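Chemist: Sequence:
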Amino acid sequence: MSFPNIWHHRRVAETSAKACEVCYKPSSSVLVTPENKDFFYVCPGHLKDRGFCTPIIDQEAVAAKKKKEMEEELERAKKEYEEKQRKKKEKESKSTKDAEKTKDDDEKDSKKTEKKDEVKGDAKDKTDDKTPPPKAEEEPRVFALQRTFYQQRLDRKRQAEMAKRNRERLSNPNFFPSVPKDLP
Numbered sequence: 001m002s003f004p005n006i007w008h009h010r011r012v013a014e015t016s017a018k019a020c021e022v023c024y025k026p027s028s029s030v031l032v033t034p035e036n037k038d039f040f041y042v043c044p045g046h047l048k049d050r051g052f053c054t055p056i057i058d059q060e061a062v063a064a065k066k067k068k069e070m071e072e073e074l075e076r077a078k079k080e081y082e083e084k085q086r087k088k089k090e091k092e093s094k095s096t097k098d099a100e101k102t103k104d105d106d107e108k109d110s111k112k113t114e115k116k117d118e119v120k121g122d123a124k125d126k127t128d129d130k131t132p133p134p135k136a137e138e139e140p141r142v143f144a145l146q147r148t149f150y151q152q153r154l155d156r157k158r159q160a161e162m163a164k165r166n167r168e169r170l171s172n173p174n175f176f177p178s179v180p181k182d183l184p
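Residue numbering for the sequence shown follows our numbering, starting at 1 and increasing by one per position.
Everything labelled a hint here was simulated from the structure, so no lab data went into it.
Do not rely on the hints blindly, as some may be mistaken.
[Said to hold, decoys possible] Below are the EDC-like pairs computed for lysine to aspartate or glutamate, each with C-alpha atoms no more than 20 Å apart in a straight line: (1) 91 to 80; (2) 18 to 38; (3) 68 to 80; (4) 37 to 21; (5) 157 to 35; (6) 48 to 35; (7) 48 to 21; (8) 65 to 75; (9) 94 to 83; (10) 164 to 38; (11) 87 to 69; (12) 91 to 75; (13) 37 to 155; (14) 78 to 90; (15) 157 to 38; (16) 25 to 35; (17) 94 to 82; (18) 157 to 168; (19) 37 to 161; (20) 88 to 72; (21) 87 to 75; (22) 157 to 21; (23) 84 to 72; (24) 25 to 49; (25) 84 to 73.
Values in this document were obtained by computation on a predicted structure and should not be read as measured data.
With the hints as constraints, model all of the structure from the sequences given.
Modeler: Right under this line is the structure:
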């Protein structure tokens, strides 16, 4: 009958918003148990209140995410460094070629290099666009209610089950005693 104190935060459509269990304001945030045994609407502000619930954070997932981000940043830095080194070598090779050529050739080469730099700059802009923008801090999605609120949920669920059982008993005619048929 009881369920674990693990609640998943879900969002519903604004048209399906119902009253918050705590403050009775319309809310589209719902806390649901993993087996969908119980749910209730709650304001997002209450989820940040430590007196109401505490987030359950998976430390392994957070560590794996940080490690992945660090690896991506390292790869990005390596690519930038290799690109700079390649450009530096190209400039050195061009400077030796430019020293050997005449002034007329210098003008032609400078136009060509400007065009190449523009094309490379466009390519670099395209690669920068592919990198995802830094995401905002994600909200926790799994919570544990404080003891009093969790006990309220258990009591409410227990009362609902008792009321259902009583309704079933009252609708059953065998529940009531029968009139005595013998004379005393």
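Chemist: Look at each hint and say if it fits the structure.
Modeler: Right, here's what the structure says about each hint:
1. 91 to 80: Roughly 17 Å separates the two Cα atoms, so the pair holds.
2. 18 to 38: 15 Å, holds
3. 68 to 80: Holds. Residue 68 to residue 80 sits at ~19 Å (cutoff 20 Å).
4. 37 to 21: 17 Å, holds
5. 157 to 35: Distance of about 14 Å is within 20 Å: holds.
6. 48 to 35: The given pair, whose Cα atoms are some 24 Å apart, is violated under the 20 Å limit.
7. 48 to 21: 15 Å, holds
8. 65 to 75: Roughly 15 Å between the alpha carbons, so the hint for residue 65 and residue 75 holds.
9. 94 to 83: 16 Å, holds
10. 164 to 38: Distance of about 16 Å is within 20 Å: holds.
11. 87 to 69: Not satisfied, since the Cα-Cα distance of roughly 27 Å exceeds 20 Å.
12. 91 to 75: 24 Å, violated
13. 37 to 155: 14 Å, holds
14. 78 to 90: Distance of about 18 Å is within 20 Å: holds.
15. 157 to 38: 8 Å, holds
16. 25 to 35: 26 Å, violated
17. 94 to 82: 18 Å, holds
18. 157 to 168: 17 Å, holds
19. 37 to 161: 12 Å, holds
20. 88 to 72: Since the Cα atoms of residue 88 and residue 72 sit roughly 24 Å apart, the hinted pair is violated (cutoff 20 Å).
21. 87 to 75: 18 Å, holds
22. 157 to 21: With a Cα-Cα distance of about 14 Å, the restraint between residue 157 and residue 21 holds, given a limit of 20 Å.
23. 84 to 72: 18 Å, holds
24. 25 to 49: Roughly 16 Å between the alpha carbons, so the hint for residue 25 and residue 49 holds.
25. 84 to 73: 17 Å, holds
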